[in-house]
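Each protein sequence line maps, in turn, to chains Y and H. Oh and the first sequence: position 353 is 353 in the numbering used here, straight run, nothing missing. Oh and the second sequence: position 437 is 437 in the numbering used here, straight run, nothing missing.
Derived from the structure by calculation, the hints contain no laboratory data.
Repeated chains share a single entry, so a pair holds when one copy, or any two copies, can fit it.
Mimicking DSS-like on lysine-lysine, the simulated pairs with C-alpha atoms at most 25 Å apart in a straight line are: (1) K343 / K114; (2) K327 / K269; (3) K343 / K28; (4) K343 / K419.
Protein chains: 2
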Amino acid sequence: MPEDKILPLDKMFHPKSIAVVGASSSTKEIGWVKRLLDFGYKGEIYPINPKVKEIQGLKAYATICDVPAPIDYAILNVPARSTLQALRDCVAKGVKFVHCYTAGFGEDGSEEGKRLESEMTKMISGRRTRLLGPNCMGIYCPESGMTFSEDFPKAEGRIAVVSQSGAEASRLVLLCRDVNLYFSKVISYGNAADLDAPDFLEYLAQDKQTDIIALYVEGVKNGSTFMSAVRKCRAKKPVIILRAGTTENGARAALYHTASVTWSQETWKGVFKQTGAIPALTTDETADIIQGLTRIRKIFGQRVAIIGRGGGIGVVATDICERAGLKVPPFSQETQAKLREIKPDAGAGLRNPVEPKMGMEGATEFYLRGLPIIDADSETDIILIQMAVDIYGGGDADLRQTLTESAYALCAAADSIKKPVAVAIFTGGRPETVLAAAAARDILTKAGIAVFSGVESAARAIARIPITKS
Amino acid sequence: MPEDKILPLDKMFHPKSIAVVGASSSTKEIGWVKRLLDFGYKGEIYPINPKVKEIQGLKAYATICDVPAPIDYAILNVPARSTLQALRDCVAKGVKFVHCYTAGFGEDGSEEGKRLESEMTKMISGRRTRLLGPNCMGIYCPESGMTFSEDFPKAEGRIAVVSQSGAEASRLVLLCRDVNLYFSKVISYGNAADLDAPDFLEYLAQDKQTDIIALYVEGVKNGSTFMSAVRKCRAKKPVIILRAGTTENGARAALYHTASVTWSQETWKGVFKQTGAIPALTTDETADIIQGLTRIRKIFGQRVAIIGRGGGIGVVATDICERAGLKVPPFSQETQAKLREIKPDAGAGLRNPVEPKMGMEGATEFYLRGLPIIDADSETDIILIQMAVDIYGGGDADLRQTLTESAYALCAAADSIKKPVAVAIFTGGRPETVLAAAAARDILTKAGIAVFSGVESAARAIARIPITKS
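Here chain Y stands alone, though its shape is the one from the complex (with noise of 0.2 Å):
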């Protein structure tokens, strides 16, 4: 049985050669040639473009069918009223995939432009050439060297994307890397007038490359044959969906975004407790659950130890993770005994929350000394340390030299305990303290533990991940 029919999309990720229809001759800005040489891509590139020889030190051809050579992929970069064309000889040529990235169809809001979308899709019925889009960004692989930015990281990963906006997926990719997570495949399809979300799960659950899969979806086609391919994934892996357009003015914003028709708050429900796919609203909280669900793991219940900043910020902490629905139960007695021990200090702070001595330099003491003791304490399953570094007193050379003594204690603290331990770091708007802040972020998620922006993000991270029976 050839490759293409077990995993009939994998081409798309992996082809041997593209070309590009309408690439632009400018040498000032990036165009997809320049973006693929840039960004490592090692098949054969093909620039379409009849005005000019040369694109980038490559042979430029009038049109795709002049290329002497197999073209896998192609991206069309040419007017929406020149598309047809562009297509209809891309299919002549035999092309597997076509991306084409030009707006102005169905989403357009013109008869025209819905007209040219349905002929698109004609054109291709019943040949062997699929197509993504239109009006989408296309496929970024670090594996195969594709991308559609030129600002995304070249690092693999094992996260999958599929959007039906390039720019959220963009937004996604980029506030995973910030904490130092990556991607295998990330998919922006814009209006599925041809290959649609079911496709591209079908793929990824099978995907070795692909761990966890996030979806950005604004209307889904055909409900059944999108329900079974979530339930199909999520019978492998767990599948993130950011559902877009579901209040009445979104709704309306996403017709005119990719022509989709979305479903609302409660049939998204319905589809959530049908599929276990775990809901998001917004690209932020999409990141969070992607990190919770790659660095906490398992969990074996939802009962919460805050350690850190006790006194009225433990107190909105604790409510905070209580309207998530997790709890913040009372350390036993036991451990309340043992915390005493270490730190016996006046006031509140031994019963959960737990308050580190004052500043910075007692919590790091207290990683070492205090997380054996609540990693023992039968009370509670996940650890949450809260670093409010926004109230940090003390200059800034001293707050980045402390921050960065107490993440390696904690890296060596949370590395000789079973619990699984996340962080949250809140640094407000500073500077200077937002500096100090990512340089201990980017020791602690290097060592594989959780970092959050704050305990809301945390939070509402912890509470989306499965909880693993005992």
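Given chain Y's structure and the hints, the job is docking chain H onto it.
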């Protein structure tokens, strides 16, 4: 009528003399005496410490009774077991306000702590001396040079905070400072053994330096007194209440933080309904609402025009606004026609949300040409500008320059239109992007434009601004 009778708490914010009982003689730590000196307190400071002759160049006294001058305000920084004697001395000396910084009283959970606290209350009953605390940080009043943190700004502003938690008050002060918002008076009052929220509200309702009041409350001792004080304030200025300890374990944490018995979420619902106070659940939300009230001021309706990043990001932004209770309706046909004239690109983005030309450069041009068109739109009340700098492509020097230019263009444009303008700058976690955005935020906020850290923050703040009847 003596001044004291008009505003009896005035001397608490503007004492002519402060005694620090248990003044630290350490030269390493920043104690209360050094903090007051550094912050610019201009009155007399009397360190009380029987073991040394001098602290920070000031003569030290063995007891407060030895000070040969009247004392308006005393800070008790002695162990819990010594506070009764110290307070007795203060009462004998006729000190007007005693701030008991020391913790280890009712919140301690022990019988001894409760007994000590009730002894303190008894000791001042019927006397001229009033007690602030115990277990609290006291007063921050930049006008008089009083502070409980050396990190607080010396700049004066028009916001007052009444908080049972010193850490929450600090977080709020610093979050507001990050967007150039400053304070008139901040009170951290802890266990409220004597002076309580209603006393401060009574004062702040009349305070000519204060426009907005934010409360952090764990427990209310006398419900009807509290409600009546909030109502009295509300008649004159907005009151925001961040209520903590409203969940099961949040309530438990509050009990051990300030010995407070908290109200349920249901009870609070009634309070907000009856008083017209504005509810908040986290410190960031409180800071966002403060900024909304200060900088957006009058809105005549809740219909939002969203500018910047259409596509999926616009769809999600629309959903976020509508879920927060706002509306994002389509612009009038007239507005859409006028926008089409200045923005002839294909694709979506003329209807609301509106997408300026790709990239930040397009945004800058749009602020100048498009904002007046949207200002005249009949369907929207407030303009929300989304700067999605997290997915900006291009170099960092470029980003900083473009963002700065964009910010100045927006200041000019916003100044010449009638509708209120709010900005959401979402950065992600990349340090370079955060720094560039911080510079733009500084320009905008100094020009009086509200800047939020994302559409979620902006939407929840806008939704809390009372609608002005036109």
